[in-house]
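Chains A and B, in that order, give the protein sequences. Residue 22 is where the first sequence starts when you use the numbering used here, and the numbers rise one by one after that. Residue 22 is where the second sequence starts when you use the numbering used here, and the numbers rise one by one after that.
No wet-lab data here; the hints were simulated from the structure. Careful: at least some of the hints might be erroneous.
What the hints assert, rightly or not - A short list of chain A residues far from chain B (calculated; beta carbon distances all over 12 Å):
no.: 1; residue: Ala142
no.: 2; residue: Glu218
no.: 3; residue: Ala219
no.: 4; residue: Ser260
no.: 5; residue: Gln321
no.: 6; residue: Ala340
As the list claims (entries may be wrong) - Some chain B residues close to chain A (C-beta under 7 Å, calculated; not the full set):
no.: 7; residue: Thr73
no.: 8; residue: Ser158
no.: 9; residue: Ser159
no.: 10; residue: Gly231
Please read all numbers here as calculations on a predicted model, not as lab measurements. Note that the Cβ used here is the ideal one computed from N, Cα and C, for glycine as well.
Chain by chain, the residues run as shown.
There are 2 protein chains.
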Amino acid sequence: MAENRQNRTELKDLGEFGLINHLKQQVTLYNPSTRYGIGDDAAVLSESEEETVVSTDLLLEGVHFDLTYTPLKHLGFKAVAVNVSDVAAMNAIPQQITVSIGLSNRFSKEAIDELYAGIYAACEAYKVDLVGGDTTSSRAGLVISVTAIGRAKKEDVVYRNGAQPGDLLCVTGDLGGAYMGLQLLEREKQVFLSNPEAQPELTGFDYVIGRQLKPEARTDMVHEFKESGVRPTSMIDISDGLASEIMHLCTNSEVGAVVYEEKLPIDEETLKAASDFKIPSATIMMNGGEDYELLFTIKQDDFEKLKNNPNVSFIGYIADKESGAKMVSKGGQVIAIEAQGWVHF
Amino acid sequence: MAENRQNRTELKDLGEFGLINHLKQQVTLYNPSTRYGIGDDAAVLSESEEETVVSTDLLLEGVHFDLTYTPLKHLGFKAVAVNVSDVAAMNAIPQQITVSIGLSNRFSKEAIDELYAGIYAACEAYKVDLVGGDTTSSRAGLVISVTAIGRAKKEDVVYRNGAQPGDLLCVTGDLGGAYMGLQLLEREKQVFLSNPEAQPELTGFDYVIGRQLKPEARTDMVHEFKESGVRPTSMIDISDGLASEIMHLCTNSEVGAVVYEEKLPIDEETLKAASDFKIPSATIMMNGGEDYELLFTIKQDDFEKLKNNPNVSFIGYIADKESGAKMVSKGGQVIAIEAQGWVHF
Chain A
22 MAENRQNRTE LKDLGEFGLI NHLKQQVTLY NPSTRYGIGD DAAVLSESEE ETVVSTDLLL
82 EGVHFDLTYT PLKHLGFKAV AVNVSDVAAM NAIPQQITVS IGLSNRFSKE AIDELYAGIY
142 AACEAYKVDL VGGDTTSSRA GLVISVTAIG RAKKEDVVYR NGAQPGDLLC VTGDLGGAYM
202 GLQLLEREKQ VFLSNPEAQP ELTGFDYVIG RQLKPEARTD MVHEFKESGV RPTSMIDISD
262 GLASEIMHLC TNSEVGAVVY EEKLPIDEET LKAASDFKIP SATIMMNGGE DYELLFTIKQ
322 DDFEKLKNNP NVSFIGYIAD KESGAKMVSK GGQVIAIEAQ GWVHF
Chain B
22 MAENRQNRTE LKDLGEFGLI NHLKQQVTLY NPSTRYGIGD DAAVLSESEE ETVVSTDLLL
82 EGVHFDLTYT PLKHLGFKAV AVNVSDVAAM NAIPQQITVS IGLSNRFSKE AIDELYAGIY
142 AACEAYKVDL VGGDTTSSRA GLVISVTAIG RAKKEDVVYR NGAQPGDLLC VTGDLGGAYM
202 GLQLLEREKQ VFLSNPEAQP ELTGFDYVIG RQLKPEARTD MVHEFKESGV RPTSMIDISD
262 GLASEIMHLC TNSEVGAVVY EEKLPIDEET LKAASDFKIP SATIMMNGGE DYELLFTIKQ
322 DDFEKLKNNP NVSFIGYIAD KESGAKMVSK GGQVIAIEAQ GWVHF
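Using the sequences and the hints, build the whole thing.
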């Protein structure tokens with residue numbers, strides 16, 4: 022957070038209402054369903070013949086992000102993207118967000134503007150409207166809480182519980198990049214802490230670092246499903262890692278799954294980083310989190326409609342509940358997929 | 022937070038998914054509009070011929086609450102009530118909430134159960150459904166973020182900007198109680214810190230302490246407006262203090278206002294506490310926050326419909342913008358109402 026002290030406006034000089042007014046003036050609205058946004062006790066969304074989908078996330082400094090290497094603008098973008106991703110994972114179109122922030126005095130108005138520049142960039146990228154929120158002081162680091170609201174026709178909503186044996190298991194994009202990006206950033210932070218003169222060695226890793234700092238939500242797939250006439254039978258976004266999300270689909274749908282390691286999509290940079298860190302690439306693809314790609318299942322009959330889609334990899338299939346969730350390694354070994362989840366208490 | 026250590030379940034033994042499952046099992050749903058609650062990427066609310074109203078609040082330990090004297094159950098209730106109050110202030114019926122919490126290791130499962138017992142009590146009191154949220158660890162005290170969603174017919178939604186000169190200015194309940202409750206609790210905390218053997222002197226102040234620790238949202242008024250055929254011309258809930266909320270109505274509606282001190286409703290206990298602390302009662306009624314009563318305006322023609330309502334006090338009227346916002350004291354002095362707001366950065 023290098024700042025020019027001469028261009029620093031203290032939050033206490035602005036006050037809460039001053040800050041809200043300042044933020045409100047920058048808001049662009051994209052959706053006709055936004056009847057009334059910031060400025061009253063609550064936002065008002067117009068009546069709808071579609072269902073409303075609601076998702077929320079809480080991001081805490083020191084737990085979900087480290088401001089040593091996370092630019093505030095990227096953080097703002099990511100806070101919105103991860104919620105938009107949850108709405109997309111329901112096969113719904115995100116339309117509105119609320120953003121609440123807890124700020125300590127160490128942030129200036131200019132720093133908050135950077136954070137909101139990222140939030141507004143995400144609003145523009147995903148065409149969602151910032152309709153409300155809460156701003157407050159914090160004695161304990163930066164707190165960001167985002168709620169995203171989307172809409173979908175009742176028959177289009179996709180839950181975690183619709184996968185059937187025989188369905189194809191698919192994933193968008195590639196896996197493990199965000200995790201390797203985090204490893205690189207953490208390594209450079211340690212180097213920096215022990216020797217502030219050292220130059221960061223991040224050259225050649227732009228993609229994986231971008232995957233960690235500025236993940237994209239796959240709202241494009243919601244449109245592509247519509248255009249190609251495919252309704253996934255189940256879907257979830259990959260925030261905690263592929264293994265964990267496969268277990269969620271299996272548990273909720275009461276099915277098993279078979280995944281082929283050789284079918285898992287990985288970027289060359291991720292592979293290079295994994296090799297540098299001497300971590301098996303399968304571990305990274307299965308357990309690295311925060312890629313915010315979509316994991317979904319489709320009927321076999323829909324294969325033709327998606328087989329040429331460059332965003333989609335077919336990584337396995339849904340099996341009976343009794344056979345559990347398994348990965349077939351490149352060497353042909355069958356390995357049980359463990360329910361990982363993260364335990365960060 | 023006195024706890025029996027023998028009945029303590031550590032959060033790390035439960036894990037995130039364990040905690041979510043545990044909480045999910047206790048949820049009761051009250052609204053047919055809740056199509057799908059906790060357990061997927063997002064909650065799903067059914068299509069509606071009414072408008073959707075969304076409000077959100079962020080509560081941080083050390084800023085918004087002090088666990089030294091705030092029982093977790095009361096805190097859970099209050100976190101919901103303050104958001105439900107915002108929805109009621111739009112003249113809408115609250116139906117769903119999402120609750121995100123950041124927890125540190127010092128909380129046990131049993132402590133979280135207390136917090137959620139309060140949340141569920143509020144859900145039952147206001148008939149709202151807990152449909153989603155986020156649970157995460159926190160390195161910096163308890164964080165609670167609540168988003169409330171309500172519904173209202175388009176023609177029933179009341180904004181801050183509809184007050185017209187000549188309208189009557191009304192307030193529900195009584196004022197200043199929550200503020201005096203806070204003063205009493207803070208005083209006793211200081212006494213306790215300097216002498217842990219001292220007995221708290223809170224006898225006779227049950228009402229004002231309850232106003233601070235367990236405020237009620239005035240959803241009852243939304244129903245009463247409907248039954249009596251009154252649509253307020255503008256409305257806001259009193260969270261930051263009457264003076265500040267009057268200024269919001271005046272600014273948003275581009276009007277002025279005249280308030281009579283002698284008409285302001287106050288409880289005897291609040292008056293007693295104000296006298297003990299030597300604070301003028303007008304100051305407490307005008308600037309004491311967190312009462313979560315409703316401030317609203319009605320057409321003069323609607324006076325007959327509400328005049329016998331025991332919940333409503335008529336405290337003044339709306340004037341031209343040019344005459345500003347003023348209070349007429351008991352002695353007949355005319356005092357300009359200042360835009361207070363709170364500056365807690």
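So, going through the hints one by one against the coordinates:
The beta carbon of A/Ala142 is kept farther than 12 Å from every beta carbon of chain B, the shortest such distance being approximately 21 Å. With 12 Å as the threshold on Cβ separation, the claim that A/Glu218 sits away from chain B holds: the shortest Cβ distance comes to roughly 29 Å. With a least CB separation of 27 Å from chain B, A/Ala219 remains clear of the 12 Å interface cut-off, as annotated. A Cβ of chain B approaches the Cβ of A/Ser260 within 12 Å, the least distance being about 9 Å, so the stated non-interface status is violated.
Remark: the non-interface label on A/Gln321 is consistent with the geometry, its nearest Cβ contact in chain B lying 24 Å away (cut-off 12 Å). The beta carbon of A/Ala340 sits about 22 Å from the closest Cβ of chain B, which is more than 12 Å, so the claim that it is off the interface holds. Interface hint status for B/Thr73: upheld, as the beta-carbon distance to the closest one in chain A is roughly 4 Å, under 7 Å. The interface hint given for B/Ser158 holds, since its Cβ lies 5 Å from the closest Cβ of chain A, which is under the 7 Å cut-off.
Hint on B/Ser159 holds. Least Cβ distance to chain A is approximately 5 Å, under the 7 Å limit. Nearest Cβ of chain A to the Cβ of B/Gly231: about 23 Å, over the 7 Å cut. The hint is violated.
Checked against the numbered hints listed earlier, the structure breaks hints 4 and 10; every other hint is satisfied.
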